[in-house]
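S.K.: Using the sequences and the accompanying hints, generate a full structural model.
Quick note, the sequences are listed as chains Z and X, same order. According to numbering that gives the first Met the number 0, the first sequence holds residues 0 to 73 in order. According to numbering that gives the first Met the number 0, the second sequence holds residues 0 to 192 in order.
Simulated from the structure, these hints should not be mistaken for laboratory data. There could be a bad hint or two in this list.
Restraint ranges, calculated between C-beta atoms of paired labels, are given here [said to hold, decoys possible]:
#, chain 1, residue 1, chain 2, residue 2, range
1, X, A91, Z, A52, 27 to 37 Å
2, X, R33, Z, I47, 33 to 43 Å
3, Z, A67, X, D25, 58 to 68 Å
4, Z, R39, X, E183, 47 to 57 Å
5, X, S89, Z, S42, 23 to 33 Å
6, X, A175, Z, I47, 41 to 51 Å
7, X, A11, Z, A52, 36 to 46 Å
8, X, L98, Z, L71, 35 to 45 Å
9, Z, G40, X, G182, 48 to 58 Å
10, Z, A67, X, P163, 54 to 64 Å
11, Z, P43, X, E7, 29 to 39 Å
12, X, R95, Z, S42, 38 to 48 Å
13, Z, I61, X, A153, 50 to 60 Å
14, X, A11, Z, D22, 25 to 35 Å
Using N, Cα and C, we set each Cβ at its ideal position, and we do this for glycine too.
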Amino acid sequence: MTDQDDAGRLTEISRELPALDLDATTAEQIARRARDQVGRGPSPLRFIEPAIAVLLVTGYLIWSVLKAVEALGG
Amino acid sequence: MRCAGVAEDERAWIDGLRRGEPAAFDAVFAAYRRRLYGYLVRMTRRRDVAEDLLQDSFLRLAQHARRLAPDTRLGAWLFTVAHRRVISWSRAQAVRSQLAGDFPARDAQADDRSPLSALVDSQAQLALERAFAELAPPYREVALLVGVEGLQPAEVAEILGLKPDAIRQRLARARAQLAAALGEHAPAAWRTA
Numbered sequence: 000m001t002d003q004d005d006a007g008r009l010t011e012i013s014r015e016l017p018a019l020d021l022d023a024t025t026a027e028q029i030a031r032r033a034r035d036q037v038g039r040g041p042s043p044l045r046f047i048e049p050a051i052a053v054l055l056v057t058g059y060l061i062w063s064v065l066k067a068v069e070a071l072g073g
Numbered sequence: 000m001r002c003a004g005v006a007e008d009e010r011a012w013i014d015g016l017r018r019g020e021p022a023a024f025d026a027v028f029a030a031y032r033r034r035l036y037g038y039l040v041r042m043t044r045r046r047d048v049a050e051d052l053l054q055d056s057f058l059r060l061a062q063h064a065r066r067l068a069p070d071t072r073l074g075a076w077l078f079t080v081a082h083r084r085v086i087s088w089s090r091a092q093a094v095r096s097q098l099a100g101d102f103p104a105r106d107a108q109a110d111d112r113s114p115l116s117a118l119v120d121s122q123a124q125l126a127l128e129r130a131f132a133e134l135a136p137p138y139r140e141v142a143l144l145v146g147v148e149g150l151q152p153a154e155v156a157e158i159l160g161l162k163p164d165a166i167r168q169r170l171a172r173a174r175a176q177l178a179a180a181l182g183e184h185a186p187a188a189w190r191t192a
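M.R.: Written out as C-alpha cells, the structure reads:
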C-alpha cells in the first residue's frame, strides 16, 4: 500500500469526524487581540528579560575578575 | 513555506497582511480558525489549551505579517507554527508531570471525553474520535494533517521537519492503528487491507 493509499483512506474516514469550533465570543476575543498586533512586530518587551540576564552575568563576571585581581595583587 | 502555486485568495490576503491591513487578518482568521482549532484540540485533548495555542499562533501571524513572503502558503505556515506550539506545550507538560513526582499523568482521554462526546452524534463518530485520541501523538499528528486537513504528505513532511519516508511510515502505522482501534467501526476496505 502506498502513502497515497494510506492518505486516501485516512481522508475517507476523517470525513466522519465532527467539526470542532470555538464559541463565537472566544473566537472574537482571540481575533481582536491578534488583529491589534497586525504589522506591529513582536513586542520590544521580549528583550527585557534577556537584557537583565546579560547585565547580571556581566556584572558578576566583572566583580569576579576584580576580586581575583585584588586577591592576586594584594 | 513558499510555493509558486498560491491560491488567488491567499495571495490577496498575504498582500493585505504585508500592508498591515486588519481586514486581511480577519479573512485569514475566518478561513483557518476552525482547522487550526480542530488540530489543536485533537493534539492537546484540551479545549482550554487549544484556545491558548490558537491565540499564540494567530498572534505570531499578526506580528510576522509584514515579513511574510509574497508566495507564502498560509495553511502550511500556520500549521507549522501550531505544531511548534504543541511541541513546546507537550515538553512543558512532561516537565510538570516529572516535577509533580512522576505520578501517572491524568487520563487526558477521560478528561476530554465529555467535550468531544458532546459533539458527536453517533457511536461510530465517538469510536472514531476515540481511536484518533488513542493514537500516539506523532501518528495522530500525521493522521490529522493528512486525513482531516487534506495536506499532502510532502507538505506535512515540511511542516513537521521530517523526511518524506518518516511521514510515509507514520501514515501507514496511523492507518493500521486506527483500523485496529476501530474494530467493527472500521470501513470494510480497511479490515481487508
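S.K.: Each hint should be assessed against the structure and marked as holding or not.
M.R.: Each hint, compared with the structure:
{"no.": "1", "hint": "X:A91 - Z:A52: 27 to 37 Å", "in the structure": "violated, 20 Å"}
{"no.": "2", "hint": "X:R33 - Z:I47: 33 to 43 Å", "in the structure": "holds, 36 Å"}
{"no.": "3", "hint": "Z:A67 - X:D25: 58 to 68 Å", "in the structure": "holds, 60 Å"}
{"no.": "4", "hint": "Z:R39 - X:E183: 47 to 57 Å", "in the structure": "holds, 53 Å"}
{"no.": "5", "hint": "X:S89 - Z:S42: 23 to 33 Å", "in the structure": "holds, 25 Å"}
{"no.": "6", "hint": "X:A175 - Z:I47: 41 to 51 Å", "in the structure": "holds, 50 Å"}
{"no.": "7", "hint": "X:A11 - Z:A52: 36 to 46 Å", "in the structure": "holds, 43 Å"}
{"no.": "8", "hint": "X:L98 - Z:L71: 35 to 45 Å", "in the structure": "holds, 43 Å"}
{"no.": "9", "hint": "Z:G40 - X:G182: 48 to 58 Å", "in the structure": "holds, 51 Å"}
{"no.": "10", "hint": "Z:A67 - X:P163: 54 to 64 Å", "in the structure": "holds, 55 Å"}
{"no.": "11", "hint": "Z:P43 - X:E7: 29 to 39 Å", "in the structure": "holds, 36 Å"}
{"no.": "12", "hint": "X:R95 - Z:S42: 38 to 48 Å", "in the structure": "violated, 26 Å"}
{"no.": "13", "hint": "Z:I61 - X:A153: 50 to 60 Å", "in the structure": "holds, 53 Å"}
{"no.": "14", "hint": "X:A11 - Z:D22: 25 to 35 Å", "in the structure": "holds, 29 Å"}
The structure does not agree with the numbered hints 1 and 12 stated previously, though it agrees with the rest.
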